[in-house]
Amino acid sequence: MLLAALIALPFVAVDQEYAVEMLFLIFLYGAMATAWNLLGGLAGQISFGHAAFLGIGAYATTVLLAKGTPLAVAVVVSALLAGAYSLLIGVPAFRLRGPYFSIATIGIGEATRLIALNWDSLTGGASGLTLASAPPLRTQYFAALLLLVAAVGIAAWIKASRFGYALAAVRQDTDAAETLGVATTFAKTQALFISACILGVAGSVYAEHYLFISPDSVFGFSTSIAFVIMPIIGGLGTVAGPLIGAVVYTFIREQFAATLGNADLLAFGVLLIAIVVFEPKGILGIVDRIRRAGAPRAPAAPRPAENADG
Amino acid sequence: MADVVLAGEGLGKRFGGLVAVRDVDVDFERGEICGLIGPNGAGKSTLFRLIAGIQRPTTGQVRLNGRVLTGRPAHDVCVAGIAATHQIVRPFRELSVIENVMIGAFFGHRPRPHGPRAAREAALEALAVCELAERAESPASALNLAGQKRLEIARALATRPEVLLLDEVLAGLNPTETDQTLHLVRTIRDRGTTIVMVEHNLRAVRGVCSRIVVLVEGRKIVEGDPERVLADERVIAAYLGTAAHA
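Those protein sequences? They're chains A and B, same order as listed.
The working numbering applies: residue 1 is where the first sequence begins, and numbers increase by one.
The working numbering applies: residue 311 is where the second sequence begins, and numbers increase by one.
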């Protein structure tokens, strides 16, 4: 029903360009956070370099469209290039575990940004690339919504499947998973590949929306950090968590962009510290806690709010 | 020897200057419960890890049904049909008891169940054997030590192993829990799984094992019938020797 409302919204609220724009951003960031969460949340491999895949998708789409390639082909190539790049870096990076893996991903992300910055003939270097024209906002809105639904569908399916159990085992105890027959490195590589492909498509949508991309925007470290922040705010390793995180992230960022510029980074810093200290399971963890606290203490009291979640 | 399911040939493991296991030849017969004993530092656990594929041997081969498994990663060894429990329990604490066991069922030795529902049924069966069925939905972290040890066994059993390696499953259990676990070990053997157990508790080993292999300082010094092996003067000397130093 929520989905039907979201589909109808751009037709009903034609004048509400701001609302459509905000929802577009929430869909796009929700899809990106969901993609990151496949590896970071389900498999527990925290990557600080995922902007690399968004950037590859965005650049591939921009370059291909400039050469007159059909959009559908450009999107597929973007996804596959990002996926191929993930295999290239996943093989060495997954030799490392825990924090060592995370540190390596910072290096990979920055190295990728520097390659984009210095490969002038393809990427235009620091001055970036521009696209001539954008599809109508309504088209973009549906593209982002479709991407989000696909990403969430993939995440929900994985979580309930045999593959999801493999990732849960990897997250909690890689050695124990190995002795139970789980090919842990292969499972992590698969999760990374799917995650990278979704981000490649997100890069296409991103490039079509902003029409301008530069190494510092799509390959930037702050972009990688955003992917980490959103699932942590909402609830790491859950299906709904990255979406909740994307809503919070988008609103905070837009509010601060209008008033205080880069102060949003400060706000996210404070928010992250608060979550790690008080509720590592994020907003969903808080909701859980309220439910559990409410249930046994006041069994007879009416609780009309309980069915309010979707 | 009749029907050898698992064999180690000339197995050795060196850690830098320390030789933990040297040139061990050992055969395990299908359907037996074999005890692997020896004083502290004899190399039992190292030999165990070599067979389970957790560590690579420096020398020698591991064969399952004649097929060489040496050098294969631990998950391949499990898929081939050798399951191992950990000496220190390692449940997936965020998952429920049955979800822990489902992971063993999903992966492990073929034929594997198709889909989550079949995996859940297979897991329930393993839990029933291990008398944990009524705790299926509890979080794994809610079990006590004896329960977590049985969960280790259930998880390994769910991988449908031909050979089950048990690393000190009795350590830390009280006499009642020890008896229950020994009963469980026999039940699993009766269902057709060969069992190799590394164990400190000699009285338990005498009661449950049909054969014993004794390691001292990384070498196999004697093997055979429990009564005869435990009466062997080399075995007594090895144990009393360490006891005298302790």
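Be aware that a few hints might be false.
To be verified - To spell it out: a stretch of chain B is covered by chain A in this simulated footprint if at least three of its residues, at any positions, have a beta carbon under 8 Å from a beta carbon of chain A; those stretches are:
1. 332-339
2. 351-360
3. 411-424
Said to hold, decoys possible - A few chain A residues facing chain B, derived, Cβ under 7 Å:
4. 95
5. 111
6. 112
7. 114
8. 137
9. 163
10. 173
11. 174
12. 181
13. 240
14. 254
15. 258
These are calculated hints, taken from the structure and not from any lab test.
Don't be surprised by glycine CBs; every beta carbon is placed ideally from N, CA and C.
Structure-based check of all given hints:
| no. | hint | verdict |
| --- | --- | --- |
| 1 | 332-339 | violated (count 0) |
| 2 | 351-360 | violated (count 0) |
| 3 | 411-424 | holds (count 7) |
| 4 | 95 | 13 Å, violated |
| 5 | 111 | 29 Å, violated |
| 6 | 112 | 30 Å, violated |
| 7 | 114 | 35 Å, violated |
| 8 | 137 | 41 Å, violated |
| 9 | 163 | 9 Å, violated |
| 10 | 173 | 5 Å, holds |
| 11 | 174 | 10 Å, violated |
| 12 | 181 | 3 Å, holds |
| 13 | 240 | 17 Å, violated |
| 14 | 254 | 35 Å, violated |
| 15 | 258 | 40 Å, violated |
In this structure, the earlier hints numbered 1, 2, 4, 5, 6, 7, 8, 9, 11, 13, 14 and 15 are contradicted, and the remaining ones agree with it.
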